[in-house]
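Protein chains: 6
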Amino acid sequence: MTTERYDRGWEKLMEVDGTGGAKVIESLKDISPDLGKFVIEFAFGDIYIREGLDLKQRQLITISSLTTLGGCEPQLTVHINAALNVGLSPKEIVEAILHCTPYAGFPRVLNATFVAKEVFQERGLTIATQQ
Amino acid sequence: MTTERYDRGWEKLMEVDGTGGAKVIESLKDISPDLGKFVIEFAFGDIYIREGLDLKQRQLITISSLTTLGGCEPQLTVHINAALNVGLSPKEIVEAILHCTPYAGFPRVLNATFVAKEVFQERGLTIATQQ
Amino acid sequence: MTTERYDRGWEKLMEVDGTGGAKVIESLKDISPDLGKFVIEFAFGDIYIREGLDLKQRQLITISSLTTLGGCEPQLTVHINAALNVGLSPKEIVEAILHCTPYAGFPRVLNATFVAKEVFQERGLTIATQQ
Amino acid sequence: MTTERYDRGWEKLMEVDGTGGAKVIESLKDISPDLGKFVIEFAFGDIYIREGLDLKQRQLITISSLTTLGGCEPQLTVHINAALNVGLSPKEIVEAILHCTPYAGFPRVLNATFVAKEVFQERGLTIATQQ
Amino acid sequence: MTTERYDRGWEKLMEVDGTGGAKVIESLKDISPDLGKFVIEFAFGDIYIREGLDLKQRQLITISSLTTLGGCEPQLTVHINAALNVGLSPKEIVEAILHCTPYAGFPRVLNATFVAKEVFQERGLTIATQQ
Amino acid sequence: MTTERYDRGWEKLMEVDGTGGAKVIESLKDISPDLGKFVIEFAFGDIYIREGLDLKQRQLITISSLTTLGGCEPQLTVHINAALNVGLSPKEIVEAILHCTPYAGFPRVLNATFVAKEVFQERGLTIATQQ
Chain A
-16 MTTERYDRGW
-6 EKLMEVDGTG
4 GAKVIESLKD
14 ISPDLGKFVI
24 EFAFGDIYIR
34 EGLDLKQRQL
44 ITISSLTTLG
54 GCEPQLTVHI
64 NAALNVGLSP
74 KEIVEAILHC
84 TPYAGFPRVL
94 NATFVAKEVF
104 QERGLTIATQ
114 Q
Chain B
-16 MTTERYDRGW
-6 EKLMEVDGTG
4 GAKVIESLKD
14 ISPDLGKFVI
24 EFAFGDIYIR
34 EGLDLKQRQL
44 ITISSLTTLG
54 GCEPQLTVHI
64 NAALNVGLSP
74 KEIVEAILHC
84 TPYAGFPRVL
94 NATFVAKEVF
104 QERGLTIATQ
114 Q
Chain C
-16 MTTERYDRGW
-6 EKLMEVDGTG
4 GAKVIESLKD
14 ISPDLGKFVI
24 EFAFGDIYIR
34 EGLDLKQRQL
44 ITISSLTTLG
54 GCEPQLTVHI
64 NAALNVGLSP
74 KEIVEAILHC
84 TPYAGFPRVL
94 NATFVAKEVF
104 QERGLTIATQ
114 Q
Chain D
-16 MTTERYDRGW
-6 EKLMEVDGTG
4 GAKVIESLKD
14 ISPDLGKFVI
24 EFAFGDIYIR
34 EGLDLKQRQL
44 ITISSLTTLG
54 GCEPQLTVHI
64 NAALNVGLSP
74 KEIVEAILHC
84 TPYAGFPRVL
94 NATFVAKEVF
104 QERGLTIATQ
114 Q
Chain E
-16 MTTERYDRGW
-6 EKLMEVDGTG
4 GAKVIESLKD
14 ISPDLGKFVI
24 EFAFGDIYIR
34 EGLDLKQRQL
44 ITISSLTTLG
54 GCEPQLTVHI
64 NAALNVGLSP
74 KEIVEAILHC
84 TPYAGFPRVL
94 NATFVAKEVF
104 QERGLTIATQ
114 Q
Chain F
-16 MTTERYDRGW
-6 EKLMEVDGTG
4 GAKVIESLKD
14 ISPDLGKFVI
24 EFAFGDIYIR
34 EGLDLKQRQL
44 ITISSLTTLG
54 GCEPQLTVHI
64 NAALNVGLSP
74 KEIVEAILHC
84 TPYAGFPRVL
94 NATFVAKEVF
104 QERGLTIATQ
114 Q
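Chains as they are written, first to last, in my numbering: chain A, -16 to 114; chain B, -16 to 114; chain C, -16 to 114; chain D, -16 to 114; chain E, -16 to 114; chain F, -16 to 114.
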């Protein structure tokens, strides 16, 4: 049985993360299913669902937070895909990561940029090299 | 003597951070003036000056990065002021900080929110309590 | 109007954090009331409420996480009080912080220890110096 | 020649980490043998040996600290095995990691949970999916 | 009763940190005296005592680590004093902090620089403003 | 067209990082070429180029910062190679990493030490095991 909050969270997860998010939830089923439930209910059903910022803005903030944290390559993969899903361009994503340099330093930014590179390659996307 | 890069950085710093940024540079003069120069030349003259994201988007990213880093209360004070300067509303700023919760956790988000509260109070701003 | 989840979260918050937690929620009312709501609903109504670990174990884990994060002195104040509230002794709390040294390093452990010192002093508690 | 402190540390390392810990020490022999010595003497001979908290409590604290730090997957592998060695159940370990979510955020907790999943699989352990 | 390791650690602590270090140990006496003992025995009696790097090199490394960690202002105060004690010039200390910018970002470097400013002011030291 | 700052940065990058650094810049060409440009211009053209600390001292600081940050294994690979390039011995590098233990904790130090082990093996270097 699911709650209304779970259902709206799942719908939002599908809209934002798509299959990447669903795979994470699936992979949690036999180890920590409630962690998956909380990702859906809290991160998506409580937070992403909110008004006040649109999904493009939310993805810029998420990518900045994950870039800054470091060691979040799997989550960056999901959320760079999500950023594309909600309409950010590859160029905007790369620019958002680059913008973190003065705050989080080059290593964090390099690591996140290489995740973006992989995601774009998997989706057959290119980025104009002249920025 | 300043360079073109310094001059455009200073202009951008003034536009974004205003007097808050200028005070930081001033306070570095007798201890690490080149650090101030690099804030101007690199953070503003190289990064903030770029196209691809507008200043509102850049401030959302900066606030997310500083919230996530933690221990950056003085920089958050400057950049929450900057966010207001470039046209973000108090509500959008608070929402951007709140959006970091699933990634950076409650303590980082609480600390950043209380910085926002102080900044808004100093500027006589209120935020609608019904969100 | 509150939900069942909010109500059980509030009850758990009162049991664990007591007035320290309530003050945090109160201080959020005019800046980010929903952040306070999520502390109650998610941190307490979803997580603290769970079975599988008792409240003493949960406080040891919380204190370790906050010590390791760093820059969470206000949250450590609340949760060291909470640790006492749920029955951990001052000595166990100090020992839990000390145990983080090999993983989080001395600076994080020193900062957390001095928060404990303040909390114990405010509550008139002493810790046997012979260890 | 070893000291009393080294010997008691080694004995405690064997009790807690078992072969996983011994492999780490072994792998340090030709690069930084004294680092291995300090793991034994300080982390185990000085800290783990102490009274005031039992080994189950210490492993909960260690897992929380490593989860929160991030980027410590190899150390989490050793210490989740250690947690099992000292008598924590798979369910308690998963719950301890989950409890870090409000403080350290979902990405850190997801990464640690997937380490637990691998460790349990290697040891042929299952966790009841209904929590 | 103290051990040989404690004694050599104390001597090294006195040589490096001087009264600043002694005050930290003193302030731990009634809350976590063994934490103070481990600072002396491990950080100084085991690590600082070692050959292979001289004390100036060790202080550069310590300052870089504390700057990068963030939230370690009290420890930076002690170790910037220590850096002066072992013969690093104010200019070298400021330069070492500045060198961390590409890795740790501006906020961490700004915070550490302002600690250095306070330490130098307390000791009546100036730094040539032309770098 | 390149600037004087780019050219002096590139020259310094070649001197310090050598082919390892050049590969990073190359790998950024089709995803975030300006990030590569800023590594060259800012990290090397602005920072590494400076007087006040020699290249050996700068590499000790860089290694300490990367070790402490965590999750920077690719950057540590480049900069441990760089440390060897500018004349630090394997033993000094291992000692510098070890010195971070009291501040950054064992896990960060272990991870960095194993990067050093790989770099030394690739270059056919050994480290005297008697320390």
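Check the hints yourself; a few may be wrong.
The list treats identical chains as interchangeable, and a pair is accepted whether it falls inside one copy or across any two copies.
To be verified - Within a straight-line C-alpha distance of at most 30 Å, the following computed DSS-like cross-link-like pairs (lysine-lysine) qualify:
id, residue 1, residue 2
1, -5, 12
2, 74, 12
3, 74, 39
4, 100, 6
5, 74, 6
Everything labelled a hint here was simulated from the structure, so no lab data went into it.
Hint by hint, here is what the structure shows:
no.: 1; hint: -5 - 12; result: both (19 Å within a copy, 27 Å between copies)
no.: 2; hint: 74 - 12; result: between (35 Å within a copy, 13 Å between copies)
no.: 3; hint: 74 - 39; result: both (13 Å within a copy, 17 Å between copies)
no.: 4; hint: 100 - 6; result: both (21 Å within a copy, 15 Å between copies)
no.: 5; hint: 74 - 6; result: both (26 Å within a copy, 22 Å between copies)
In summary, the structure agrees with every hint in the numbered list given earlier.
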